[in-house]
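The residues making up each chain are set out below.
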Amino acid sequence: MLLTRREFLLESGRACIGYALGAAAFAAGVERFALINAFAQGSGYRALVCVFLAGGNDGNNMVVPLDPAEYQAYSSARTASGLAIPADTLLPITPPSLASSFGLHPSLAGLRDLWNAQKLSVVCNVGPLVQPLTRAQYQAGAPRPYQLFSHSDQIAQWQSAIADRVSPTGWGGRTADRFEPHSSDFPMVTALSGGLFTRGQTTAPLTISAAPTPLNQVLVLNGFSTRADDAARRASMEYLRTIDANNALVRSTSTIVQRALDIGRTLDADVALGTVFPNTTLGNQLKQVAKVIRFNSTSPNLGLERQIFFCQLGGFDTHQGQVTTQANLLTQVSGAIAAFYDATAEIGLADQVTTFTLSDFGRTLQPAGTGAGTVGTDHAWGNHHFVVGGAVRGGDFYGSAGPNGTVFPVLQLSGPSDTDNRGRWIPTVAVEQYAATLASWYGVAASDLPLVFPNIGRFETADLGFMG
Amino acid sequence: MVWFVPHSTWQRKLLLALLLFIGTFGVTGSARQGGDPGLAPDTADIVRFLEQATWGPTPGLVEHVREIGLEAFLEEQFNAPISSYPTLPLYPTTRDTATCPNGSACQRDNYTMYPLQTRFFTNALYGEDQLRQRVAFALHQIIVVSGLEVTHPSWMAPYLQILDRNAFGNFRQLLYEISTNPAMGNYLDINNNTRTRPNENYAREILQLFSIGTVQLNPDGTPVVGEDGQPIATYDQTVINNFARVFTGWRFAPAVAPGTPNYVDPMVVNEAQHDTGSKTLLNGTVLSARQGTRKDLNDALDNIFDHPNVAPFISKQLIQHLVTSNPTPDYVARVASVFSGANGSRGDLKEVIRAILFDPEARVPENDATFGRLRHPAQFIANVLRAFDARSADGAGQSDGYLNPQSVAMGMDVFRPASVFSYFSPSAGLPGGAGLRAPEFGILSTATAVARLNFVNTMVYSRINVSTNAPNGTSLDLSSLVPLASAPGALVDALNEQLLHGLMSDEMRGSIVSAVGAIPATQALRRARSAVYLVLTSSQYQVER
Numbered sequence: 002m003l004l005t006r007r008e009f010l011l012e013s014g015r016a017c018i019g020y021a022l023g024a025a026a027f028a029a030g031v032e033r034f035a036l037i038n039a040f041a042q043g044s045g046y047r048a049l050v051c052v053f054l055a056g057g058n059d060g061n062n063m064v065v066p067l068d069p070a071e072y073q074a075y076s077s078a079r080t081a082s083g084l085a086i087p088a089d090t091l092l093p094i095t096p097p098s099l100a101s102s103f104g105l106h107p108s109l110a111g112l113r114d115l116w117n118a119q120k121l122s123v124v125c126n127v128g129p130l131v132q133p134l135t136r137a138q139y140q141a142g143a144p145r146p147y148q149l150f151s152h153s154d155q156i157a158q159w160q161s162a163i164a165d166r167v168s169p170t171g172w173g174g175r176t177a178d179r180f181e182p183h184s185s186d187f188p189m190v191t192a193l194s195g196g197l198f199t200r201g202q203t204t205a206p207l208t209i210s211a212a213p214t215p216l217n218q219v220l221v222l223n224g225f226s227t228r229a230d231d232a233a234r235r236a237s238m239e240y241l242r243t244i245d246a247n248n249a250l251v252r253s254t255s256t257i258v259q260r261a262l263d264i265g266r267t268l269d270a271d272v273a274l275g276t277v278f279p280n281t282t283l284g285n286q287l288k289q290v291a292k293v294i295r296f297n298s299t300s301p302n303l304g305l306e307r308q309i310f311f312c313q314l315g316g317f318d319t320h321q322g323q324v325t326t327q328a329n330l331l332t333q334v335s336g337a338i339a340a341f342y343d344a345t346a347e348i349g350l351a352d353q354v355t356t357f358t359l360s361d362f363g364r365t366l367q368p369a370g371t372g373a374g375t376v377g378t379d380h381a382w383g384n385h386h387f388v389v390g391g392a393v394r395g396g397d398f399y400g401s402a403g404p405n406g407t408v409f410p411v412l413q414l415s416g417p418s419d420t421d422n423r424g425r426w427i428p429t430v431a432v433e434q435y436a437a438t439l440a441s442w443y444g445v446a447a448s449d450l451p452l453v454f455p456n457i458g459r460f461e462t463a464d465l466g467f468m469g
Numbered sequence: 004m005v006w007f008v009p010h011s012t013w014q015r016k017l018l019l020a021l022l023l024f025i026g027t028f029g030v031t032g033s034a035r036q037g038g039d040p041g042l043a044p045d046t047a048d049i050v051r052f053l054e055q056a057t058w059g060p061t062p063g064l065v066e067h068v069r070e071i072g073l074e075a076f077l078e079e080q081f082n083a084p085i086s087s088y089p090t091l092p093l094y095p096t097t098r099d100t101a102t103c104p105n106g107s108a109c110q111r112d113n114y115t116m117y118p119l120q121t122r123f124f125t126n127a128l129y130g131e132d133q134l135r136q137r138v139a140f141a142l143h144q145i146i147v148v149s150g151l152e153v154t155h156p157s158w159m160a161p162y163l164q165i166l167d168r169n170a171f172g173n174f175r176q177l178l179y180e181i182s183t184n185p186a187m188g189n190y191l192d193i194n195n196n197t198r199t200r201p202n203e204n205y206a207r208e209i210l211q212l213f214s215i216g217t218v219q220l221n222p223d224g225t226p227v228v229g230e231d232g233q234p235i236a237t238y239d240q241t242v243i244n245n246f247a248r249v250f251t252g253w254r255f256a257p258a259v260a261p262g263t264p265n266y267v268d269p270m271v272v273n274e275a276q277h278d279t280g281s282k283t284l285l286n287g288t289v290l291s292a293r294q295g296t297r298k299d300l301n302d303a304l305d306n307i308f309d310h311p312n313v314a315p316f317i318s319k320q321l322i323q324h325l326v327t328s329n330p331t332p333d334y335v336a337r338v339a340s341v342f343s344g345a346n347g348s349r350g351d352l353k354e355v356i357r358a359i360l361f362d363p364e365a366r367v368p369e370n371d372a373t374f375g376r377l378r379h380p381a382q383f384i385a386n387v388l389r390a391f392d393a394r395s396a397d398g399a400g401q402s403d404g405y406l407n408p409q410s411v412a413m414g415m416d417v418f419r420p421a422s423v424f425s426y427f428s429p430s431a432g433l434p435g436g437a438g439l440r441a442p443e444f445g446i447l448s449t450a451t452a453v454a455r456l457n458f459v460n461t462m463v464y465s466r467i468n469v470s471t472n473a474p475n476g477t478s479l480d481l482s483s484l485v486p487l488a489s490a491p492g493a494l495v496d497a498l499n500e501q502l503l504h505g506l507m508s509d510e511m512r513g514s515i516v517s518a519v520g521a522i523p524a525t526q527a528l529r530r531a532r533s534a535v536y537l538v539l540t541s542s543q544y545q546v547e548r
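Keeping their order, the protein sequence lines are chains A and B.
What the first sequence shows, in our numbering, is residues 2 to 469, in sequence order.
What the second sequence shows, in our numbering, is residues 4 to 548, in sequence order.
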């Protein structure tokens with residue numbers, strides 16, 4: 002085998018037993034081995050898994066108040082059109098920090114079980130903000146995120162956690178920027194779907210396809226047999242990447258291609274999971290995430306102590322036909338996230354993996370159209386989100402107290418939580434606060450938070466308290 | 004015929020210096036480009052020029068340019084018939100699944116980008132107006148409408164026609180046509196923009212992305228810095244608010260049928276919804292109250308067009324799209340001066356393109372270490388296919404242009420960029436590149452890097468087969484290389500000339516010659532394939548230099 006100097010160093014860094022290692026490389030190998038041991042004890046690993054609900058999920062039908070007066074307010078806005086969920090079909094939950102009951106959408110049985118097991122919490126009325134904002138301030142023209150209610154801009158703001166200007170980077174990528182790259186060059190961030198979230202100043206994600214593609218098939222170079230002349234072609238191809246580095250663009254291209262092929266070689270085996278995942282878009286993405294986590298924890302070449310994942314499910318832009326569409330989508334979300342939690346338990350890392358949702362925006366409390374088959378909702382703003390995992394302080398609601406003194410918005414058209422008269426909630430929690438709570442748990446130092454979230458200082462706290 | 008091919012940088016520089024010397028003191032005394040009767044351009048310069056000005060050199064085109072020269076070729080390109088895109092029949096916004104079912108050709112042809120994407124590639128492979136297509140695709144990446152949101156091909160086609168029609172026209176006219184285009188009206192919310200709730204979307208993007216950018220620029224494209232050492236903003240939120248009010252009072256022309264909006268005709272004025280107050284725009288220019296929707300638009304576009312940033316902002320991006328990711332400030336300044344009207348009228352894109360392509364820096368790079376740009380996926384596909392006579396899968400006819408799936412795998416879904424920020428940002432940094440710009444690297448990920456190699460494998464060792472969406476399929480023809488395969492050195496030299504315009508290093512040449520030599524001489528096609536595969540997958544080729 003023709004081994005270039007670069008490859009030799011890379012391979013040495015991986016402490017592959019069987020290579021004749023120089024003294025320095027041997028020391029590096031010992032260091033690696035220590036990390037693998039540390040990993041085996043499960044002390045250090047942490048992973049964040051983002052599930053983006055693309056299109057704007059209607060949080061108003063995902064978490065519904067069951068307190069009679071509150072439910073009445075919800076019902077009066079939504080029942081006549083056929084959009085309200087009957088109280089007796091909601092899955093009841095009682096957050097101890099609020100003195101009242103709520104119901105989860107009937108399609109969320111799997112997530113309700115996680116709530117009951119104290120592995121899931123709800124973060125209420127989160128959204129992009131440039132500063133804390135009341136209805137009066139909003140209506141007086143106080144600064145607000147650019148292009149409210151626009152998909153592309155609000156997606157960018159959720160994924161960048163910056164709402165007052167366009168950002169070329171996302172907060173997953175910037176969080177990863179705060180950590181040293183792994184010695185194997187295996188990226189900290191893995192994307193199952195494209196998204197700004199994954200891109201940092203220096204971080205570029207590993208992009209892979211979902212299950213059922215085996216892990217050892219996600220980055221495969223096609224067209225090389227074991228014939229001698231194919232080996233010669235392969236050797237030449239490898240060599241060409243090591244020369245002509247005078248031109249910076251050629252050099253960078255070679256580095257990226259080399260890294261991709263290295264990762265492809267690192268992903269040299271598929272792994273199995275006993276947990277059964279639903280065969281759905283999100284189920285297959287989260288299954289692949291679980292497999293990468295297991296692979297990382299078992300491969301002698303890896304052992305990253307931090308990983309960030311990005312998954313995405315579309316279809317939530319329910320201007321019409323919301324009743325059926327959202328029920329189907331939430332069934333998928335619930336089944337996939339519940340299976341994923343079970344898989345992390347199977348791997349033995351349930352307390353070290355935290356899953357959370359993001360979405361473009363919430364939707365108007367006031368319906369659009371009428372009739373159970375056609376009724377839908379329009380783009381709004383503040384929204385509720387789930388955080389799931391063994392490290393989550395489960396079974397409660399989190400956020401910042403709004404006009405009614407609780408973290409839950411006032412479900413009233415033209416009420417104190419509304420921007421105007423259609424039930425678009427002004428967020429009481431900025432995306433930065435939600436994200437910083439997760440990033441802090443992940444290991445970003447408090448002093449580094451402003452580097453990841455430049456506007457975090459404008460808000461009361463960087464820790465909403467939902468992580469243990 | 005074997006041409007002298009310089010194998011090393013110093014040989015190439017010597018050759019170029021010699022040519023420059025001849026050009027400078029030759030018959031006309033002008034720059035040394037083709038068209039000069041006293042000096043036929045050499046193959047390397049022709050190939051490089053065609054990489055910059057077309058979707059890739061073909062052997063026939065190289066010979067054509069050798070005969071007529073670069074300048075005459077450019078004039079030919081300015082006057083070539085426009086390939087563009089046909090106006091497609093408008094369909095209802097909501098698809099009637101009874102008459103146009105899921106998975107049908109009706110759905111594909113009227114509710115997806117498929118017909119435009121295949122046309123894009125057949126235009127690129129076979130169209131005569133190569134330079135116009137390159138410029139139009141660059142403009143598409145600067146002034147973005149995405150099929151992700153403007154989902155019907157019939158809705159996108161008029162937007163693409165504007166880019167083609169104005170590629171050699173005037174930038175001010177382009178801004179006007181774009182501002183009243185229904186696809187843009189939908190994409191950035193000019194349509195139904197009302198005085199009671201003016202939408203900032205178009206106001207923000209026409210300034211930030213389509214014309215002047217967010218910071219004041221020197222004529223050479225570098226940012227102006229204030230006393231505090233920081234860049235100076237070109238506008239603030241108040242200016243955005245005022246432009247948003249300018250763009251109120253527009254709506255679509257009457258629908259062609261209920262539920263079938265008119266995306267073909269330009270938007271029309273809805274005076275009742277126009278904000279009639281005065282507006283304060285860039286540089287304190289004030290538009291008088293009650294001067295009307297269309298005059299407000301035209302005055303506002305003049306205000307933008309006259310801003311000193313437009314010339315360097317647009318010129319630099321066009322250079323990045325056609326020639327090099329990191330032009331020197333002097334190069335930007337020379338082109339921007341033409342944009343500003345040094346050779347005629349301000350904003351004359353034809354003169355700007357001429358200045359870009361005939362600039363000394365485009366013809367003879369000043370700095371080999373930073374010159375060039377990564378071929379983006381659509382360009383990479385077209386370059387590979389045009390180099391080897393792209394044909395249908397059976398070799399008998401033409402490719403059907405069903406190549407977007409390959410481009411998607413490499414990270415570029417043609418006409419469906421992720422957002423108004425396009426497929427990649429002009430300011431994207433080169434990974435590990437110490438401050439260098441490398442826009443196309445924005446979509447070079449681990450997955451797409453491998454996909455590029457696998458695309459070459461598919462085309463060189465196999466083909467894109469006939470399928471439902473690919474009535475013809477696509478294949479390459481390497482037969483012209485087979486006669487050279489008995490001598491690996493000659494084979495590699497030919498590829499060096501054709502694909503790398505002589506930039507191949509001795510080390511690279513030696514490695515490929517040796518790999519080719521590992522294949523028995525009796526397997527001539529296999530030798531040719533191996534050599535072509537190695538050149539096309541190399542970083543040395545992926546980066547156009």
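Bear in mind the hints are in silico, worked out from the structure with no lab data behind them.
Please read all numbers here as calculations on a predicted model, not as lab measurements.
The C-beta atom is built at its ideal place from N, Cα and C for all residues, glycine as well.
Among the clues, some could well be false.
Stated by the list, open to error - Facing chain A, from chain B, some residues (calculated, C-beta under 7 Å):
no.	residue
1	L64
2	Y129
3	N204
4	G375
5	G435
6	G436
7	G438
8	N468
9	V469
10	S470
11	N472
12	V516
13	A518
Stated by the list, open to error - Selected chain B positions facing chain A (in silico; Cβ < 7 Å):
no.	residue
14	T449
15	N457
16	G513
17	I515
To be verified - Footprint (simulated), chain B over chain A, 3 or more residues, beta carbon under 8 Å:
no.	segment
18	65 to 78
19	144 to 153
20	235 to 243
21	258 to 272
- Quick check: which numbered hints come out false for this structure? The structure breaks hints 1, 2, 7, 8, 9, 10, 11, 12, 16 and 18; every other hint is satisfied.
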